[in-house]
Amino acid sequence: MTDTLTPVLTDDWDAERSWTLATYESRGGYGALKKALTMPQDDIITAVKDSGLRGRGGAGFPTGMKWSFIPQDNPKPKYLVVNADESEPGTCKDIPLMMATPHTLVEGVIISSFAIRANHAFIYIRGEVLHVIRRVQAAVAEAYAAGHLGKNIHGSGYDLDVVVHAGAGAYICGEETALLEGLEGRRGQPRLRPPFPAVAGLYASPTVINNVESIASVPSIIANGADWFASMGTEKSKGYGIFSLSGHVERPGQYEAPLGITLRELIDLAGGMRHGHRLKFWTPGGSSTPLLTDEHLDVPLDFEAMAGVGTMLGTRAIQLFDETTCVVRAVLRWTEFYKHESCGKCTPCREGTWWLVQTLAALEQGQGSEGDLDLLLDQCENILGRSFCALGDGATSPISSSIQFFRDEYLAHLTGGGCPFDPAASTVWAPSLTKAGA
Amino acid sequence: MTTTPEKVETVTVTIDGIQVEVAKDTLVIRAAEQVGVQIPRFCDHPLLAPVGACRQCLVDVPDAGNGRGFPKPQASCTLPVADGMVVSTQLTSEVADKAQQGVMEFLLINHPLDCPVCDKGGECPLQNQAMSNGQGESRFASSGTGGVKRTFPKPINLSPQVLLDRERCIVCQRCTRFAEEIPGDPFIALIERGAQQQIGIAENAPFLSYFSGNVIQICPVGALTSESYRFRSRPFDLVSSPAVAEHDACGAAIRVDHRRGKVMRRLAGDDPDVNEEWITDKDRFAFAYATEADRIGYPMVREDGELRPASWTEAFAVAARGLATARAAGGVGVLTGGRLTGEDAYAYSKFARVALDTNDIDFRARPHSAEEADFLAAHVVATGPGGGGVTYRDLETATGVVLVGLEPEDEAGTIFLRLRKAVLHAGLPVRSVAPFTTRGLRKLDGTLIATAPGAETAAIAALDVDAGTIVLLGERLATVPGALTAAADLAARTGARLAWVPRRAGDRGAVETGCLPNLLPGGRPVVDAAARVDVATAWGLDRLPETPGRDADAIVAALTAGDLGGVVVAGVDPADTADPAATRAALEAATFVVALDLRASDVTRLADVVFPVAPITDRAGSFVNWEGRVRPFDQIFANPASLPELRILAGIAEELDAPLGFRTVDQVWSEMEQLGAWDGARATAASAAPAEPATAAVQAGDSLALASWKQLVDNGVMQAGDKHYLATARPAVAKVAPALAAALGDTATVTGDRGSVTVPVEAVDDMVEGVVWLPANSTGLGLLTDLASPGSRVTITGGAV
Amino acid sequence: MTQATTLTETTISELREIAGRYPEKRSGLLPMLHLVQSVQGRVTPEGIEICAEILDISAAEVSGVATFYTMYKRKPVGDYHVGVCTNTLCAVMGGDEIFARLKQHLDVGNDETTPEEQGKKSITLEHVECNAACDYAPVMMVNWEFMDNQTPDSAVAVVDDLRAGKEVRSTRGPRLCTWREAERVLAGFNDGLADEGPAAGPASLAGVEIAGERGWTAPVAQASGATGTEPETKEGAVAEADTSRAESETVQEKSQ
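From first to last, the protein sequence lines stand for chains X, E and P.
Per our numbering, the very first residue in the first sequence carries number 1; after that it's consecutive.
Per our numbering, the very first residue in the second sequence carries number 439; after that it's consecutive.
Per our numbering, the very first residue in the third sequence carries number 1240; after that it's consecutive.
The hints are simulated quantities; they were obtained by calculation from the structure and are not laboratory data.
A couple of the hints might just be wrong.
In silico BS3-like links for lysine-lysine, alpha-carbon gap of 30 angstroms or less [said to hold, decoys possible]: (1) P:LYS1314 - X:LYS76; (2) X:LYS339 - X:LYS151; (3) E:LYS1173 - P:LYS1342; (4) P:LYS1314 - E:LYS592; (5) E:LYS859 - X:LYS339; (6) E:LYS587 - P:LYS1342; (7) E:LYS445 - X:LYS339; (8) E:LYS859 - E:LYS881; (9) P:LYS1342 - E:LYS881; (10) X:LYS76 - E:LYS587.
Note that the structure is predicted; figures quoted are calculated from it, not measured.
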């Protein structure tokens, strides 16, 4: 039986000057790299496959399998691109990781690039996190100076260059082909697939794109073995992952645990919902994953169980809202976000989010009619699976799921002629939040 | 395809229950067309790369060919067929139908309801497909508090000609994809994001592409319009007639839309063998010249020094009388220019021989040479598609193309686009023998064979080509002694194929019909007795003039010298000729001048008899394009005020008692058919001596070699009348090497033996030292009049004189 | 706020240097536009033209990129850029109130800049989307540095200090530089501040601290052991992946 929390990636975050090479190496950092450089490259891929590691960026595609799709007989250069464009509302795990222990990522990048035979890797970090970019830039510079990067790494004959690339503000660049467009200096609009990036990605060359947490997990798998990783988690959702709790909980923050932990356990660890309040709704993996309610406190947080209750594990971005929160307001705000971030390429997402916002905004103000709820659901049906990429799908998640669970609350806006909630009651500084005795 | 049919790998798919075998990799949307199912679409265009943006063409795929279906509807414009695939379109699938209706509804929520005033109304894919695949009622207006549409201030100019109404745009990206993929002019791009996404240009960087008008035509809504046509008419008031563009030797298919005897607009026709679905802006917008105020509306004869109106019969008689006198007083020359239809050219050719008893006929109203005439007779005439002649499609399968004395983007836009297609899709290597890398060559990813004007002959001789190479020779090579001969030698030596690409629509037809001093119709050499007998017999004559005649330069000289008594001139602009002043002097010196023209000109002002000729819309006929492909077209308007030239010549010939035997286009066509091409020995070309090699680098102030050609949009007389179109012309600049440019400053004055031209200076990185390039007809009366002959020496000084 | 200056030869050579970091130079465009902003305070038409020239693409293409990403500004940005997260979670936790308070306090609307004032620094105020610091909600960003756990009063204090030219430190980062200096870092030019600030904020350490208190760790690695049953085929993997998108892709790939 593994422990409830299993700090691996987060384990060093409290170390003194944890972001430096010296600290990282003093705690065993770059040991996995030295080991990996002695391994046949295919054995590294096999190890990652055997570990059962599934992409930590939301989709959960098996990482090792993604690597094995790289056609090694293709004469073009191979590329590794790290998706550090963490922008999914509620998601806040990669950013603290890169700020606290950027070398974990850099070491993962080197091992992963070596495995797929890439001599060039890119870390695409969203531009709005200046200090994180500084830390990663500095870590890459330190790694070069220490001979972990550059020509003939530690005498292995293997060369790798890493470029830290700052984005410029576009949620859509979290979509891997849009990210490639951004990395090629273009508008971040998703590409047609096929060809898939594994065959024709960056510069039309074979490319692996992995999330920060996925890549950062690689050194631990190499150091401790695939079995070690697979010993954590559930049958098909293996290993540990960072769960990010935010919102109306006593102790928001990052909790690294085996996949399959339940929300009830996590809320308990976090000291419960804020004093005097109860859980109303939550997102399991960011705003693009359908909402759940307090009915779902005991559903294991793994890929399969979440799919079983009609949602997705996503990025384990657990946003918790208590009963003071108006679900219509919350959903409208997310919908405005999707409208703002829609890239404009395809009709359903571009026009659909424009319309959804108008319909929802009217409802929030108590205007419109009950028929608008069915219209919203029909609009969602016309967007979901009809859009070019998953952004449009994500835009429908909060709407469809909230109407499913909170139809009466929508109707209350209509019958009451406006929002029945006091937004001040939801704030951090709301008087009711004050703990007893404080 | 002219090649032998290759075995195409096919797959079998089932669409709406109908099995069909289609080529592997066919997109579902096109496979559906093959079974007669039209899936609605906007972003899809068969000549552009698939993008899958509009999502209008969603279909249900219950079986992807592997027994498993797609869980969600798929865009049929991006999905290739697979063997065993089952597709259900809106006709048989509720899922597909609902998906399409949903997308249509989304497209319409922000689309204005201005169809009644929109240019596209009546021919609008959005309007049409909203009717066929949309819902009758909008739920947008009644949703929430009533839907609020996105609006934009309207319209904005993407260029002086192309306008954008952003609120109508559905951002399907057809225009931006066209601009990037087809001509390589990405001066329009998607800008902004999400619902605000729109088409835009950069500040101070308008959409100046020679092919810009195509985006208007392929826009599936009324977002893109032209200044020239906007608000002028309704599509359902227009009559559409197929036609052929008259501006260059490409033979592009066009569609003329007209209303009550007036051309309202021109569009690209669809001809996969020739222009596919694209035309140049010149072909599209330059048609107002035919209705300018100086159009000649009646025949005129000179009386007491003044031209006065005359009846057709009087004018025929006066012309015949004057020509008879001139014929007796040394003879009459015939200058036909390059703008005639094949039928008219044939009429001139026959008129010269039959009515004027002369071979003094030349269509070349431009610098030319005897070497060129020999080359045309030996290597060009009577070649064509199917007979070994180079075709557009051949350009796509060539192992390489070498351009010599030809700038396709300016001089043959359809060739430029076909070359670019071949470069992009087949990796065609293009080389150009030219003094610098032009914008066009860059877009062809081409390699420059840096060559000063006059040094082309040596460059051709040194070319490394194989039998799969095609060498495209521009008409400008006529001014380079030995160049055409060197090209012929190269072809003979290597098996590379040659094609001669003249600039004008009538040039090749004039060659075929014998508007040359050394050729009779059908490629029959004048010097070949059997060929002469062949023609004479067909024409019912005892004999034809036996010796090769004077070429255009010699006709001009003979008129000035008084050796020729008169001249018949067809639509020739003296400014185009090798020595404009000499041509004007010759016309003044000529005892008798008959001019046949559309509009008043330097020639008609000097003529003794003037005949108004029918514009291209008012008569049937055909052009022969550079491939040797005949491009026939029908008469669109009936207008008795002017006549086809063959009818005018027939009238004069009858008065001369030398009837031509035809009065109509059809009659000429049958006669030409009957005569056919010469099956005897081709003419052989005498070899010509190569020119002296170009001189070495020179400093500012020293003499430079003058390089020049005409830009696509310039001061040509057939481009007059549309100020918006003319405003898209590239400005006149003097292009020189960087060091010289730095020495000269912003402006320079170029001086030649005929005068000076002052223009801005542009540094060109790889310009051959000692060369200056200027556009031939973008300043004043053109370089030939104002400056010097191309290839001659000029001097350059910084600043204005 | 300093006035926009023209791009000097130094900047142009730095722009070329950025383009040179990549196997294909166009990849440099995003950082190049950051550098243009660091010099000119916004993306200017001049900057667009120069980037286009260096990258050998059209100005329209650069314009398309510059108008796609929200960090590129077409109006001049003040000395400091203050972004208040008003995405759902931060908004609910108080971000809306903070933003309203700052608009009122600074007397500007969204995406507007305080007027030039003698002796005062200028501030551009904007509401921003989720900045990946939800466990510190409500969050404010100054020049894209974290200002965690804000209240309306703390936010007002921050902008007042910024306007007065006092040194302000990020709650999870260094002392704040100007917006233009920040843009230069985004262009890839090191400012030497990486070692300032903490490794992590308190929320980031929540789980680690609890694990430490309770003695929880990840399992100790063993030399060998049986692995679980992982999917052997792509279809199996897809069946386990939790997006329908991935599934349709795989079907499509197979049908090629």
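Hints versus structure:
no. : hint                  : verdict
1   : P:LYS1314 - X:LYS76   : violated (42 angstroms)
2   : X:LYS339 - X:LYS151   : violated (45 angstroms)
3   : E:LYS1173 - P:LYS1342 : violated (56 angstroms)
4   : P:LYS1314 - E:LYS592  : holds (23 angstroms)
5   : E:LYS859 - X:LYS339   : violated (38 angstroms)
6   : E:LYS587 - P:LYS1342  : holds (28 angstroms)
7   : E:LYS445 - X:LYS339   : violated (49 angstroms)
8   : E:LYS859 - E:LYS881   : holds (11 angstroms)
9   : P:LYS1342 - E:LYS881  : violated (51 angstroms)
10  : X:LYS76 - E:LYS587    : violated (48 angstroms)
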